[in-house]
Structure formats: C-alpha cells, structure tokens
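> In case you want the letters, here they are:
There are 4 protein chains.
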Amino acid sequence: MDMASRNQSLRVGVLGAGRIGRIHTQILTRLGVTVVAIADPSDERGASLAREFGVAKVTTNPDDIFQDPTIHAVLICSPTDQHAQQIHQAAAHKKHIFCEKPIALDLAVVDAAVHAVEAAGVKMMVGFNRRFDANFKRIRQAILQDEIGTIGMVRITSRDPSAPPVSYIKVSGGIFCDMTIHDFDMARFLVGAEVDQVFVMAQARDPEIGAAGDVDTAVICLRFENGVLGYIENSRVAAYGYDQRVEILGSKGAVSCENNYPNTVTISNGTSIARDLPLHFFIDRYMEAYKDELAAFVEICLNKDAIAPVSGHDGRQALKLGLAATLSMKENRPVRLCEFDTPRMVGRL
Amino acid sequence: MDMASRNQSLRVGVLGAGRIGRIHTQILTRLGVTVVAIADPSDERGASLAREFGVAKVTTNPDDIFQDPTIHAVLICSPTDQHAQQIHQAAAHKKHIFCEKPIALDLAVVDAAVHAVEAAGVKMMVGFNRRFDANFKRIRQAILQDEIGTIGMVRITSRDPSAPPVSYIKVSGGIFCDMTIHDFDMARFLVGAEVDQVFVMAQARDPEIGAAGDVDTAVICLRFENGVLGYIENSRVAAYGYDQRVEILGSKGAVSCENNYPNTVTISNGTSIARDLPLHFFIDRYMEAYKDELAAFVEICLNKDAIAPVSGHDGRQALKLGLAATLSMKENRPVRLCEFDTPRMVGRL
Amino acid sequence: MDMASRNQSLRVGVLGAGRIGRIHTQILTRLGVTVVAIADPSDERGASLAREFGVAKVTTNPDDIFQDPTIHAVLICSPTDQHAQQIHQAAAHKKHIFCEKPIALDLAVVDAAVHAVEAAGVKMMVGFNRRFDANFKRIRQAILQDEIGTIGMVRITSRDPSAPPVSYIKVSGGIFCDMTIHDFDMARFLVGAEVDQVFVMAQARDPEIGAAGDVDTAVICLRFENGVLGYIENSRVAAYGYDQRVEILGSKGAVSCENNYPNTVTISNGTSIARDLPLHFFIDRYMEAYKDELAAFVEICLNKDAIAPVSGHDGRQALKLGLAATLSMKENRPVRLCEFDTPRMVGRL
Amino acid sequence: MDMASRNQSLRVGVLGAGRIGRIHTQILTRLGVTVVAIADPSDERGASLAREFGVAKVTTNPDDIFQDPTIHAVLICSPTDQHAQQIHQAAAHKKHIFCEKPIALDLAVVDAAVHAVEAAGVKMMVGFNRRFDANFKRIRQAILQDEIGTIGMVRITSRDPSAPPVSYIKVSGGIFCDMTIHDFDMARFLVGAEVDQVFVMAQARDPEIGAAGDVDTAVICLRFENGVLGYIENSRVAAYGYDQRVEILGSKGAVSCENNYPNTVTISNGTSIARDLPLHFFIDRYMEAYKDELAAFVEICLNKDAIAPVSGHDGRQALKLGLAATLSMKENRPVRLCEFDTPRMVGRL
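Chains as they are written, first to last, in numbering that gives the first Met the number 0: chain A, 0 to 348; chain B, 0 to 348; chain C, 0 to 348; chain D, 0 to 348.
Hints may contain errors.
Where chains are identical, the list cannot tell them apart; a pair therefore holds if satisfied intra-copy or between any two copies.
[As the list claims (entries may be wrong)] Under the rule of at most 30 angstroms between Cα atoms (straight-line distance), these lysine-lysine pairs were calculated in the DSSO-like manner:
{"hint": "1", "residue 1": "Lys290", "residue 2": "Lys93"}
{"hint": "2", "residue 1": "Lys251", "residue 2": "Lys169"}
{"hint": "3", "residue 1": "Lys251", "residue 2": "Lys136"}
{"hint": "4", "residue 1": "Lys251", "residue 2": "Lys329"}
{"hint": "5", "residue 1": "Lys136", "residue 2": "Lys290"}
{"hint": "6", "residue 1": "Lys303", "residue 2": "Lys100"}
{"hint": "7", "residue 1": "Lys169", "residue 2": "Lys100"}
{"hint": "8", "residue 1": "Lys100", "residue 2": "Lys56"}
These aren't lab readings, by the way, just hints derived from the structure by calculation.
Model the full structure from these sequences, guided by the hints.
As structure tokens, this is what we get:
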C-alpha cells in the first residue's frame, strides 16, 4: 500500500477548532489523513474549519466523535481544563490520543489520565512540538553522535514577542506551567535525564501581569540527576520577535542554534548592516515541526509497534518541573523534584 | 466562493511526468487544484505519478489533454524540444499555459510560439521559479522601496553541486541556455531593464564536459541599457552544494543574500566552528518558490485581469542572452544584444 | 605639550614581572610612558623584562620603587596576597596606583586599602580590563543611548579554554573570586546598579578540581536592586577556546556580542561550512582592552580632574559578589548582599 | 642579540611625510627601528612628523638621506612620479628600498628601476600591504594546504567608501593603475600564476569622474595562464564603508572572507537585527597588515638570505595588468598580456 492510501485509511476526529485545532486539521489534510469530524462548542467556528478543509461532519458534542466506531484516533485541541476528561473518554472508546500540552495543571489528574490510557492499551502522544524542530533535532543528534562529548551545561532561551492578554494569564496556570513547560520538555529531551532540583529568579516587568499574580521575566536553574546544569531564560516580551535558542556545552565542544528568519537578506547602508526580524511567532517558526509531529502521530496510530516519541510520562515530568518552579519562586529557595513524590507535597500544592 | 472551492474549479492537465512534472503535480494537489490528467510517453511513469496524487486519467498522448474541453490550463513539463509545439497546440485549444524554461533554443521558434499565444488570447507563464524565492523577492523589494538607492552593479553567484550527465549536457543547448538562463532572468528581474552587451570568459574544468563542446565554469559580464553593470558567475561543481546568491550595489548601500540552510546549528569543537551544508539542490532550495509560482499561475488562470508575472517575452529575452553569451564565448568578444535583431545574425546562429 | 612628551613625563614603577606585568610594561612602553623601574622577587625575571623593554632599573625590593621620589605611579602586578600591603605602601608614598584584581580576598582588608588610598589623596584604578573591550563598551553605549530601552535581563557567558593548574586553583580564592569576579564587575558595569541577591548552582566536572574544593562549571543568578535579573555562566573548559559573550534584553530590543576571531575566513567543503576558532585566550582577546585600560590610567595620573573609570569601590563590590556566590553554593540558598554588611557575616567568612 | 637591539641596529630614512609616510614612521618606531631622517618638500610637514615620533633629522632634500652612509634603507613614500628616480638614487647608494605602489605608470620606467635595483645588489620590496592581511593570508594558506583543492575561480570585491577628489583622479593613472592594482596583485598572490587575458566593463556613475576621463565602477575579468578564471569588482563609492572580500572556488570546496568590523555587537529591535558598519577605510582595515609588511621589510634588510615577499617584479606585473585593463576598456575587447611584451605595444601605450 502506498503512503497516500495508508494515511487515508486513518480516520481521525478533532476536538477543538481554535488556532491549534486549525493548524492540526490543515496538516492532517495535507498528510492525506481522513478527518472524519470536528467538535467545537461554537457551531460557527467548527463549521468554518470544516468547510475550509473539506471535513464532512461538524458537531458541538465531543461524544459524537468518541462514539463513532469508525474513528481510530482523536486530537485533543480543546482548552486545558477539558484535556484530562477527554483523554479518559477517548481511552474508554479505544481511540489513540494526541493531546496538546499540558495534560492538566494538577499532577494527580495527569497521573490518572496517563494510567487510564495505559489501562486501555491505546497510545497517547503529548504536543511538545519543539522536539520536531530541525534545529533542536540537529542539536539532539549532535549529542547522540558524540559531536560535543559529555554534556556539562544546557542553556535554553525562550522569549515571546508579546504577552498574551491578562485574562489568559489568569487561567494559564502561571508562566512556568504555560510557557516554560515547553522549555522543561526541551531540557529533558536534549539532556536525556531527569531534573533533581529547580531554582527560579523572576520578575514582573509589566505591572498588569504582576497584578494578575504572575511574572513575565524569569531565569530558571536546573540541576539534573546526572550532574548536568541547565538554565532557562524566559521573557514574555522580546521586541524583535520570537526568540528560541539552545546552547549546550560539552566536554569536547559546544552546539547551539540561532533563530529562523524569513529570508537571508542583508541590507547595508550608511548607518548599519541589517537584516529583517526573525519569524515572528510560533506558528511561523514551528510549522514544519507541527507537520513532523503529526506525521509521527500518524505513524504510531498505523504502526502497532511504533512508540510515541513524546509520552504521557513526558507530559507529567514537564508539569512537575512547572510546579517545582512555581514553588521555588514563591518560597525563594531551590526545590527538589522529589518533594512532589510525597503525598504531603502533592497535597500542599 | 472560498479559496478551496475556487482552486478546485480550475482543471489542469500536466504534460510530462518527470522530476519537475512530479513537483508541479504535488503542488497543484496541495493547492486544491483539480489535476484532470497526466500525459507522459512512459505509461508506467505517468501511472505512478497519477497514483501518488490521485489523478484519475493517464495517457501517452498529449492530444487527450489538448482536446479535453473541460481542461482550462496545461503545464508543459516535457523535454525542451517539445515545448514550442505543445504551446501551439494548447493555444489552438484555448488553454492557458505554464511552460518550463526554455521555451525553445531558437529565437524564431520562441517568437512564433509567443505570437501564437497572443493571437489565441490565452495566458502564458514561463517557469522562472527563482523570481518567487523569498530571498530574491526581498532583494527586489529593497530596490523598489529605494533601500539602496540607484543600482550600480549586480552580482549573481549560481553554482550547482554537481554536473548533470554528459548525455544531458550534449542536448542542453549549452550552459548559457540551460543553466545561466535562470540567472539572466534574475538579472533582468532585479535590475528591471534590458541588457545591451554581454561578454563571457569560460572554461571546462571537467575534460568530459569540454569534449562535449560545453564549459562548466564561466563569468558573464552584462552591460544594461541603463548603464548598470552585471556579472554572473556559474559553476557546475560546488563541493558544498547548491550556491545561489545575489548582491546588488546601489548609490545608498548594498543588498545581498546568503544561501539557505536546513538548520541554524553551529558546532564548535577543538578544530573549528562549523555548520551543516546548505540545502543541497534546487528542489530543496526552491520548493517554496515552486509553490508560490504555481499559486501565481492559478491566479492568472482564474482571474481574467491578472497578468502573468513571468511572460513569454521574459522567456524570449533570457534565451537571447543565452545565445549572446554563447556567441561571445565562441568569438571571444563582447556581443551586443541588437545583433540578434537583424535577420543576418539570427540566421548565422 | 604634545601627547608623546606628555606621556613621557609620567614616571612609573612596575611591581611584578610575571605575565600581566610583562603585558603592562609593553603597553606603557608603546604609550611612551617612562617605566623607571621593575621590582620582582626573581632577579632573573625582572632583568629579562627590563631588557626587553629598555627599563633602566631592576630590583627585588619594592621599597626601591616606593621610596623613589621621581616615581609618580605604580602598577601592582604581584600575587594577590601582596596587593593590599603594596597599596598601603604606595598610598603612604603618595603614588597613584593601578592594582590588578582582586585587591584582596577579605572584605575588611579591601576596605582598609581603599580607605588608605582615599586618605592619602592619591588615585587608584582596579584592573577590570574587560570594561575597555570594544564589544562591551559598545553594549554599554547601546544602553546609555537607549537603543534597547529599559534593561530587563542580562546574560554573561564566560568560559576559559582550559583550567589553570590545581596548585593555582587551591590558592585562587575559588572560582567566584578568581574568575567570576570579572563577570560580576561586567554585570555591574553594564546594568549600572548594585546586586541585591545571588544564587549559585555549580559543579566540578573535573574531579581534581572537585578534590581541591572548587567547582569548574557554574550558573550564577543575580537580582539587582532595581529589579533587573542577571545570570552568569562560567566554565573552566571550553574546547573551542575563550568564550566571552554578553546579551541584554531590554524593553525595546536586545543587544549582544559574539566572540572575536583571528580572521573572517569561511571554508566550505563537502562536509561543512567552517571557520577557525575564536581568539584563544585573554591575552589575545583583550590586548586592545589592556591598551585602553592603561591609557585611562595614564590619563588619571596626568589629569588632576580625571576620575578612575574603575575604582577601589568597584573592586570591593565585585569581591563581595564573589563571596556571596561562594556562600550561596555552600549553603544552597539565595544570599542577599546585605548579609555582608553586618559585622557578624563579615567575621563569619 | 635580542629582537629590540637587532631592530634598533637598522637605520632607515623616510622619503615623504604624507599619510602613508606617517603610518610607516609610526610602525618603524614601534618596531624599535632607528628612523634617522625624514625628507619632505614641506618643511613643516616633515618637522611635525619627526617631532611626533622623535626623529632627529628633517630635510627637504632627499639627497641628505641618500648620501648619509649610516642609513641602510629607505622608505619611498613620495608621490608616484618620484618613485622611479628615488629608486635609482637609493640603489646607487646601496640602500635597501621599500617603495609604495605603483613604482611608476610606465612599464619601461618600471623595468629600468627594477634593473637598477638588481644591478646594485640591494633588495627592494613593493608596498602591496594586503598580502599581509590576516584574512587574505588565511585564504592563501587554505589554498597551499589543499583545503579547497584545485582553484577554478577567484573573485575579488574591492570597494572604497568614497571617491578621492577629482584632482587626484586626474593624476592617478586611472582606476586600474591606482585602485585595481592592489586587486591585481591580490589575484596573482592568491592564484600563484600569471594572467593571460583581461577584459573590462566599466562605467562612471559619478559624472565628474567621467568628465575627468576615468570610471568609478568596473568589472574586470581575468583568464590566468593556467586556465583559472578571475573577476574583480571595483567601486569608488560604497555607502556602508570599505569593502574588501575575496572568494575562491576550488575543486573540493570554497574559501571566502568577510569584512572586518569594529565590534561584534548586534542590536535587535522592533525593526531589524543590525550591526555597526565595517572598518571604514584602509588605515583602519589594514593597520595590522602594514605592521606585518614593515616587519617583513626589516627582516629582509637585516637577514642577508631573506627574500622580499613582494618584489619589483610583482610591482611590474600588477602595473601591466592595470595597463591591459585600461586598454581593454578603451577598445572594448579582451586584451592579452603578451601584447605588452612587444616593443610596438609598449610604444603604443
């Protein structure tokens, strides 16, 4: 069977027709996967997306997707607070699951969802799209190929061009569970080890964000269990655009990446040597990564032996780091990840 | 009507299922255009391409396409020596035409084809895909926006990673009509003027290419009618890959572009600071340009008022430059383009 | 009076004929300053340096310099444990003082030395040479000229190509007072504010350095009194050479610098696009900075109204940061700088 | 004998106290060479330079230098039309000669001067300073170390920030003998072979330069005797500053260099990613090269066996290329260098 027919045989339902749901639907269409139905609370939004990509069925009720026996897999692109429940439903109906990050903002809830998936024997992949970016994949490859020797230190720079609305920030779970969670996953992905300790220094440059109880500028230090040191720098406001860089120092050298640009053109005049700004935000920067991410999900759906390259466990560990960072900031002290393994600590948060 | 339905309404036939025919078919499919049929002398090759992209009809006879009244436009992706005749046939059947470069290797033949298209009242676009590349578009924009003042000099560097087979070189029309023709079009596109004079210094580094009567290394100087100087550097062999750069000096500054790379990663070790090679060849480098090129063709097919961004005249002028360069090399002298406007000279070639 | 005669009129004595003493003597000679005498415990080393740069007098006794009434200024290039005493002697003899960093490893000792200088009415400049580097000066200028708006975050990357001998490390005062002290001064110089809080995560990758009670890899977080966040990354081993970079994020943009290289040459072959390694270590990288540093010292010696661009206070503050970082590492907690203002804490260290 | 005493033993006279005479005097002083006397038609200019660098003797009569038996070598930094005669005089008095380019604008005159030097058994070095630039030396090294295989093509970009006064242009001998002559020498230096054929396309963008009978914008094609192709691009006006780049394509890869910059700082804001302009003109860009150049001259003066790294023959060949380029432009045809070997052709020019 050729690739086109193979992909076409996979029947998928999409939960959520917002920005990320739209991106995934477009990519699935290009991959030739059969998008059977789209569910969204807004009739209009779902219908518009369905029309754009020729999806036959639209519903406001996710059950229409869960209970459709012809659907093999679902993409959970709904708001975070619905993720866990939809994972349970999908697992109950034996559908493979692609779930946007984070699974939930509560570790116990995440654990229950991951357990339900395992018990049902379906596969789940969590949407840490950056693992599929060409730059970060090449960095991971440099490590695996021993191009820089043993890792000593990893730096992640992650800055957004501008902050989301304060209304969003209030329900986001805080910068560490909302934004840094991607960087926590990246750190684990690149180092290939778990973190032992986290320390945060943070600040709200924007008083409105501070008033909402969050910060917009942070340095997060990580000590990995294998002794590697890591540090993540986050900012919600980089005037020049989306800034996504990694640099790793190893015993034999270093590997790093720069941002991606819309062109390679340089303009020289009597004042400066200049180039255009980098790709402005995540949709531009990571479109290729989103494609490869869904191609990987299609593969695990169609190939019984294929394992999810980003698992529920990965989602859990990144969340735990987000919670530890939040605690470190609150208490201005280094926090050990094992604090979250005792019932007391989990309860306390 | 939304974009998807609009594109779907355009019915296209593809002539030639080789490498470039495959690329165009893939892109048309992604654009949602209806590819009605594929014609290729090889039954097998046509069928394979049709299967890959779900094209219903395959034929070894191009007439099946020309005579299909439901087809609005054709893509001529056949060998060069069939282009002109297929243009005549398509024009006769009132189909819009996308023709790969060059239209032909004989100016009179090109002129007749262009005339037939005009007489038939159909539209024709020639496949100078590089005009749609993000780097070169940005350079053109810098000129139009007066970011570098009045142009004084333009440099085009154009190197292939490796030479095509000698069998191909023998029928290619020579490097200037086969490879440099793209650079001639780029020079005209960027400068926005016609060339008055051409001079060539060239060399066959590879003795097999020399034995085939061609060269693989060349510097081509251009004097434009408006006084701008241009120079193109070609090589058939660049060990590090496809090299496509432009640099323009103006009265207020300069604009230039670098090659495109698969990633932005740098690896530093005890020996060097290094990055991976640039995108290896034209399919990688210009895939986005091909998409934008066909989107432009779709637009002129569907929008009565839209004008082809690359016309038959553009194809003619680039060919004339190729012929002038060939003559300059043979006679080791600067050649004026007006030499090709007299019957004597055209006859002589 | 022209510049040459003016500089010649300044009579200087150099204390210490080691590596840095040699650099400073060479620069003073080029600046046309009169180097009257060199003192070094090793007769041979002092004599060799004097011969190389035509210095008339060599001695093993620093008093020969302090008591020479024709000498206006001294350069203290001796081992750290002699700095403070030599400052006291120079001040007592009314000589201006250039002192290599650190003044001492004990805050009280530093305070006493700074006080003696002030009481004597002579000038003192501390050898934080990096403030005179073209890259860092340009970054400071970008801040002062409001090219990036209000500073939010500063990052300093500072890596040595290889660790000094363990024998040196044992008497160095530890990485934070020996190596990071330069970065602490740079942070204060760039941000133009004092630090409130320090936190360190560190590691000894090299077991010998660990056995010597020190670390070779560290991330140091700073919270400035004005809310700016800073972080410094140190490593004693960067296989590709000396790595000295700064990046600052402001409300209107960012400013950063790259390393300096011996040439701008790129070599492209079938494997990679590569350049030579950066300037290997501090003498190569900062030679121009050393020149500008001493030119500034000459200026404050000759111009009554000129103020030292790097003061004893600057030396004190950088040391305090080194001590705070050391304490943070030991106790694995954020340390406030004000802890060092109480008699108890100073005594405790 | 140590290096300082060795250099001091060399006694030099400088002819010409203009811009380049000043640079060389400064460098000789730093090298510790004894500058005995300066000759300049302007008493004031000579005296000022002598005062600045402590040179004891000033004269308006060059004979005072030629006839001083204690002087071993002369630096000819006078106007071009005095070079040849001063070479004859210096040779007659058995002094080694450093002569700024060009030796003369007439081949026969150059030949006679070179012959006089050889007959006198003194050494002569011609001031093609760029051979000593770190970038170009590294490129030459890449070729010699076979890092790019057999050379196929060489490109030289050479642009000045602004044109000299028209008064200078009128007596300069034309752009090819005045400006391009450096690039011709660079081409010969890098390729290590002689040129067989030259072709020029040129233009005067500035009408005043055109009225003075010269051009300011040119492309010069070179065919070397070994088949290598070269092209040089010159402009008298690059708004962003001095532009000096080389790129060479070989069978195994390519080597190229970028301009030099005063710092490595990048500023990113809401508009662009920018850096400061490159070093503005030749004194900034080539100061290090001038130093190495004179160090090489000092070496050949002091070491009987050392050979001049840039010979009178090199000066002659570069001039011949300048004359051939001038002829090519006038007659709009490729010119063979052998045309200049016959009495007829030399007479004709």
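> If the cut is 30 angstroms between Cα atoms, do Lys136 and Lys290 qualify within a copy, between copies, both or neither?
So Lys136 and Lys290 pass the 30 angstroms test inside a copy (14 angstroms) and across (26 angstroms) alike.
> When Cα atoms must be at most 30 angstroms apart, do Lys169 and Lys100 count as within-copy, between-copy, both, or neither?
within (17 angstroms within a copy, 48 angstroms between copies)
> First find the shortest C-alpha distance between Lys251 and Lys169 inside one copy, then the shortest across copies, and answer within, between, both or neither for a cut-off of 30 angstroms.
between (44 angstroms within a copy, 25 angstroms between copies)
> If the cutoff is 30 angstroms on CA atoms, where do Lys100 and Lys56 land: within, between, both or neither? Let me know, please.
Answer is within; shortest intra-copy Cα gap is 26 angstroms, inter-copy 44 angstroms.
> Classify it for me, Lys251 with Lys329: is the Cα-Cα distance of at most 30 angstroms met within a copy, between copies, both or neither?
between (38 angstroms within a copy, 29 angstroms between copies)
> Under a CA distance limit of 30 angstroms, which applies to Lys303 and Lys100: within one copy, between copies, both, or neither?
within (24 angstroms within a copy, 47 angstroms between copies)
> Quick one: Lys290 to Lys93, C-alpha cut-off 30 angstroms, is that within a copy, between copies, both, or neither?
So Lys290 and Lys93 pass the 30 angstroms test inside one copy only (25 angstroms; across, 39 angstroms).
> Using 30 angstroms as the alpha carbon limit, work out where Lys251 and Lys136 are close: within a copy, between copies, both or neither.
Answer is both; intra-copy 19 angstroms and inter-copy 28 angstroms each pass.
In terms of the numbered hints stated before, the structure departs from none.
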